[in-house]
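S.K.: Please work from the sequences and hints to get the whole structure.
The numbering of the sequence shown is the numbering used here, which starts it at 8 and goes up by one.
It cannot be assumed that every hint is accurate.
To be verified - Beta-carbon label-pair distances, calculated as ranges:
hint : residue 1 : residue 2 : range
1    : Lys171    : Glu131    : 33 to 41 Å
2    : Gly70     : Glu207    : 46 to 54 Å
3    : Arg162    : Glu221    : 18 to 26 Å
4    : Gln64     : Asp229    : 28 to 36 Å
5    : Gly70     : Glu39     : 19 to 27 Å
6    : Ser193    : Ser125    : 21 to 29 Å
7    : Ser127    : Gly169    : 22 to 30 Å
8    : Arg56     : Arg212    : 33 to 41 Å
9    : Asp114    : Pro238    : 37 to 45 Å
I should point out that these hints are in silico values taken from the structure, not numbers from a laboratory. Using N, Cα and C, we set each Cβ at its ideal position, and we do this for glycine too.
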Amino acid sequence: MSVPAPGNDDPAGSPSEVVSRYLEAIYYIWAEGEVVRSSRLADWLGVSRPTVTLALQRMTRDGLVSLNAGKEIRLTESGLSAATTIVRRHRIVERWLTDVLGLDWVDADEEAARLEHSISERVETQLFESLGRPTSCPHGNPIPGHSEPDPNEVRLSEVSTGWKGRVSRISEVAEREAPTLLAYLSEHALVPRALVRVLESDPRRATVTVEVEERSQTLDLDAVAKVWVVPS
Numbered sequence: 008m009s010v011p012a013p014g015n016d017d018p019a020g021s022p023s024e025v026v027s028r029y030l031e032a033i034y035y036i037w038a039e040g041e042v043v044r045s046s047r048l049a050d051w052l053g054v055s056r057p058t059v060t061l062a063l064q065r066m067t068r069d070g071l072v073s074l075n076a077g078k079e080i081r082l083t084e085s086g087l088s089a090a091t092t093i094v095r096r097h098r099i100v101e102r103w104l105t106d107v108l109g110l111d112w113v114d115a116d117e118e119a120a121r122l123e124h125s126i127s128e129r130v131e132t133q134l135f136e137s138l139g140r141p142t143s144c145p146h147g148n149p150i151p152g153h154s155e156p157d158p159n160e161v162r163l164s165e166v167s168t169g170w171k172g173r174v175s176r177i178s179e180v181a182e183r184e185a186p187t188l189l190a191y192l193s194e195h196a197l198v199p200r201a202l203v204r205v206l207e208s209d210p211r212r213a214t215v216t217v218e219v220e221e222r223s224q225t226l227d228l229d230a231v232a233k234v235w236v237v238p239s
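M.R.: What follows is the structure in structure tokens.
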């Protein structure tokens, strides 16, 4: 989805929908351990770099982000608070779409991106309670304020032959930038809580052979880099 430069926030003081998309994107990139720069943000949102530059100038003025000497984009305290609220609502809505309405996890992510900006705090709370207080989205990513990432998790692409464990979550990068990858991972049973054993890692071919739920399969290294796992 192409996102234009942000205008003014709404009268109630909450970020506008466009500003919210910028905040959300920065949060997701930062949460994956990446350095957030204008070029990365432009790619993520599908806009030009000048558009991002203009947006960041306005968001800096409004105290939502800051840029250091290395041009790294960081959320301020108020920016992080706003971004956390957006992400929390997105993931709660995803759970409702999958658990109650039966959408698959690709469609749920896309629909939640449309709905998250119209959800009030009251509706968010009611959804959370009615869903049984979930701690993660369908992709395993923790719901801010209700759970934290497992400190022992690593990328599946980084573990060695013989490693055993289970899938903890699927990267937000896969969710937003490569929805076809989500379908690919689902087809290969690489979903949260699935048991995994690494049979072979081949750097030359950029592949990893894994056993998932007692089924052996060879996967692209870029694909498994989007899968976070924890040891069993």
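S.K.: In ascending order, which of the hints set out earlier in this document are inconsistent with the structure?
M.R.: 7 and 9
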